[in-house]
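These protein sequence lines are chains A and B, in that order. Residues 1 to 198 in full-length UniProt numbering are what the first sequence spells out, letter by letter. Residues 1 to 198 in full-length UniProt numbering are what the second sequence spells out, letter by letter.
Just so you know, the hints here were simulated from the structure itself, not pulled from any lab data. Treat the hints with care, as some may be off.
Copies of the same chain are indistinguishable here, so a pair counts whether it falls within one copy or spans any two.
Derived EDC-like pairs (lysine to aspartate or glutamate); straight-line CA-CA distance at most 16 angstroms [said to hold, decoys possible]:
# : residue 1 : residue 2
1 : 111       : 141
2 : 37        : 71
3 : 81        : 58
4 : 168       : 17
5 : 95        : 17
6 : 111       : 23
7 : 168       : 11
8 : 164       : 90
9 : 111       : 71
Number of protein chains: 2
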Amino acid sequence: MNFLEEVILKEGQALSDQVLKVDSFLNHQIDPQVMQKVGQEFARLYRSEGITKVLTIESSGIAPSVMAGLELGVPVVFARKRKSLTQNGDLLTAKVYSFTKEEENEISVSKKWLKAGEKVLVIDDFLAHGEAALGLANLVEEAGAEVAGFGIVIEKSFQSGREKLLKKGYRVESLARVASLSNGSITFTRNGQEAWSL
Amino acid sequence: MNFLEEVILKEGQALSDQVLKVDSFLNHQIDPQVMQKVGQEFARLYRSEGITKVLTIESSGIAPSVMAGLELGVPVVFARKRKSLTQNGDLLTAKVYSFTKEEENEISVSKKWLKAGEKVLVIDDFLAHGEAALGLANLVEEAGAEVAGFGIVIEKSFQSGREKLLKKGYRVESLARVASLSNGSITFTRNGQEAWSL
Numbered sequence: 001m002n003f004l005e006e007v008i009l010k011e012g013q014a015l016s017d018q019v020l021k022v023d024s025f026l027n028h029q030i031d032p033q034v035m036q037k038v039g040q041e042f043a044r045l046y047r048s049e050g051i052t053k054v055l056t057i058e059s060s061g062i063a064p065s066v067m068a069g070l071e072l073g074v075p076v077v078f079a080r081k082r083k084s085l086t087q088n089g090d091l092l093t094a095k096v097y098s099f100t101k102e103e104e105n106e107i108s109v110s111k112k113w114l115k116a117g118e119k120v121l122v123i124d125d126f127l128a129h130g131e132a133a134l135g136l137a138n139l140v141e142e143a144g145a146e147v148a149g150f151g152i153v154i155e156k157s158f159q160s161g162r163e164k165l166l167k168k169g170y171r172v173e174s175l176a177r178v179a180s181l182s183n184g185s186i187t188f189t190r191n192g193q194e195a196w197s198l
Numbered sequence: 001m002n003f004l005e006e007v008i009l010k011e012g013q014a015l016s017d018q019v020l021k022v023d024s025f026l027n028h029q030i031d032p033q034v035m036q037k038v039g040q041e042f043a044r045l046y047r048s049e050g051i052t053k054v055l056t057i058e059s060s061g062i063a064p065s066v067m068a069g070l071e072l073g074v075p076v077v078f079a080r081k082r083k084s085l086t087q088n089g090d091l092l093t094a095k096v097y098s099f100t101k102e103e104e105n106e107i108s109v110s111k112k113w114l115k116a117g118e119k120v121l122v123i124d125d126f127l128a129h130g131e132a133a134l135g136l137a138n139l140v141e142e143a144g145a146e147v148a149g150f151g152i153v154i155e156k157s158f159q160s161g162r163e164k165l166l167k168k169g170y171r172v173e174s175l176a177r178v179a180s181l182s183n184g185s186i187t188f189t190r191n192g193q194e195a196w197s198l
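Construct the entire structure; sequences and hints are all you get.
Next comes the structure, spelled out in structure tokens:
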């Protein structure tokens, strides 16, 4: 079992078959030590890729991203989430549907902070249906920049996000892959690959 | 001139007499190295206070808080901001008026992550009129916890926030204190005290 899986087993709650609550270290309360290890692992996985920027989305993506950016020595940009945006020529925007909240949001990044030629590591706290991840990838490509890959803290492997990203040819590195939340218990998958262990 | 003042002079833009834009390293793009120094400085200032938790508010408060929490070895909790909240007995809530957006928001923290007896360092990116800071202090006191003090990245000293907090007896440590943004130029104040220099 890797470090993050241990933390998830100890602290996470399977609220339903679909919902994993990890608000003690990631989504509301944040454990900076855990985030540092997560950031170091993302940096290790992408160190050779010539990353120039980390892109994430507010709010829970910020902590792991800042730790990864620190390790990689690159800036972090966080996309903002709004129900609807006033038109603004200075912004890159994408629509993101939230299955949890059953609403569509617009996410945006200033054109100043995401530019053609950049190699972007996209980091998020969760990968579920992949809507936020694809929206972030759209922002990168709208800027004329390149998605080097995704760094996901927790992947819900029983949902379709990973498949969607792989189908588009993206590299996906998830530090914990949750196979199931059935019957209140959390199980992981590795697909034969050891992502990391500490 | 301290490290942060140098970064602000180099990167900040006085958009008006009232508005300082620092979206290259704090509010939209984040410079993890700068945030690490900021976090280390907050930790140095409050190291002897027996801090058990850092409290901040999404989104721009998260990066400096996580770095401070890492240095202090304590968890961080970020309050969420909403236009209005559904009543929920598990939440501590406070109202915060935003002068910038001219609207009232509710901020909230789960009772699970802020408890009686804690000594809380409240960190935010900006101190202006003090509304967010006072709202965060209200959450701490509603929990029966104690505000050890405030750690502010950038204080707009020409607005009333600092005075309001001092009048309530709080300790306020601002790493950069902006005296004026008039005529598009940024000037700092120290009140005879060298807050830090790197």
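Hint check:
no.	hint	result
1	111 x 141	within (12 angstroms within a copy, 41 angstroms between copies)
2	37 x 71	both (10 angstroms within a copy, 14 angstroms between copies)
3	81 x 58	both (7 angstroms within a copy, 12 angstroms between copies)
4	168 x 17	neither (27 angstroms within a copy, 47 angstroms between copies)
5	95 x 17	neither (27 angstroms within a copy, 35 angstroms between copies)
6	111 x 23	between (32 angstroms within a copy, 12 angstroms between copies)
7	168 x 11	neither (33 angstroms within a copy, 37 angstroms between copies)
8	164 x 90	neither (29 angstroms within a copy, 36 angstroms between copies)
9	111 x 71	neither (25 angstroms within a copy, 33 angstroms between copies)
The structure shown violates the earlier hints numbered 4, 5, 7, 8, 9.
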